[in-house]
Amino acid sequence: MEELFRIAYPVASADYTSAGQASTDIKRRLKQLGVGGDVLRRVAVASYEVELNLVIHSLGGELVLSVFPDAVQLVSTDVGPGIPDLSMAMREGYSTANEEARSLGFGAGMGLPNMKRNADEFDIQSQVGTGTTITMRFKLPT
Amino acid sequence: MTIEDMVRVLSARVLRGGDKLDTPVYTACCSDLMSDVLAFVDEKTVLITGLTNPHVIRTSEMLDLKCLVFVRGKVPTDDILDSAEEQGLVVLTTKMTAFSACGLLYDLGLRGVPVPLGWGAEDK
Chain Z
701 MEELFRIAYP VASADYTSAG QASTDIKRRL KQLGVGGDVL RRVAVASYEV
751 ELNLVIHSLG GELVLSVFPD AVQLVSTDVG PGIPDLSMAM REGYSTANEE
801 ARSLGFGAGM GLPNMKRNAD EFDIQSQVGT GTTITMRFKL PT
Chain C
57 MTIEDMVRVL SARVLRGGDK LDTPVYTACC SDLMSDVLAF VDEKTVLITG
107 LTNPHVIRTS EMLDLKCLVF VRGKVPTDDI LDSAEEQGLV VLTTKMTAFS
157 ACGLLYDLGL RGVPVPLGWG AEDK
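Chains as they are written, first to last, in my numbering: chain Z, 701 to 842; chain C, 57 to 180.
Keep in mind that a hint or two might mislead.
[Unchecked claim] Just a few of them, taken from the derived set where beta-carbon distance is under 10 Å, the chain Z residues facing chain C:
(1) Tyr716
(2) Thr717
(3) Ala744
(4) Met810
Just so you know, the hints here were simulated from the structure itself, not pulled from any lab data.
In this text, a Cβ means the ideal position worked out from N, Cα and C, and glycines have one as well.
Next comes chain Z alone, as it looks inside the complex (with noise of 0.2 Å):
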């Protein structure tokens, strides 16, 4: 289907203090945009959680939000280093997140499974020297 609308946000590593910028600024968008309800904090969140993993995770990376006319597509991809063990890292309670993650109240294991239950379909891709790509996609109401 068409897409409406396409915004890249860029997302450095290791920068705790801008990490949620980008998803302040999709809701926002998507609040314009007529977007609202339960599939606005839906994508809120998975949003969220998806930036703080390029932020605590990645050696930088690219936040892609894409609006459709009956769904909304977040895609974050980056410059690796790529997960080894991703039925691992899809285990709740699983961390690898740093100190300084930790103290900021991240690093709970929880991020990739609630980007997983808050999409409608999620995608994730990754090759260790590589990278990561996850696709998640929110069916708005017709």
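On the provided structure of chain Z, position chain C as indicated by the hints.
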């Protein structure tokens, strides 16, 4: 009950959102782990926490929370409070510990948020 009742029972100080104290509240959650708040909270509720960094406000924004209660006398910096005000949050601080604050609020009628579907061993 309203946020005003919470202020009274917690002997709290209102840091921001004094014009919204008549907002009704039914549930609350208490955590210093924003990861868990993001995962286990599905409703517009009250967050009781001892963590005062900007991510508490961002987490509240993503979840559309109504009210933040900082325990153990903690007060975030003014820029953090200003961003809370921007999103319409009521912000309180109390000298009580999280345990005491939660106990008194429960006694007053506030209940824990239900754990959303999809978590916990029984769902596996």
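Here is how each hint holds up against the structure:
| no. | hint | verdict |
| --- | --- | --- |
| 1 | Tyr716 | holds, 8 Å |
| 2 | Thr717 | holds, 8 Å |
| 3 | Ala744 | holds, 4 Å |
| 4 | Met810 | holds, 4 Å |
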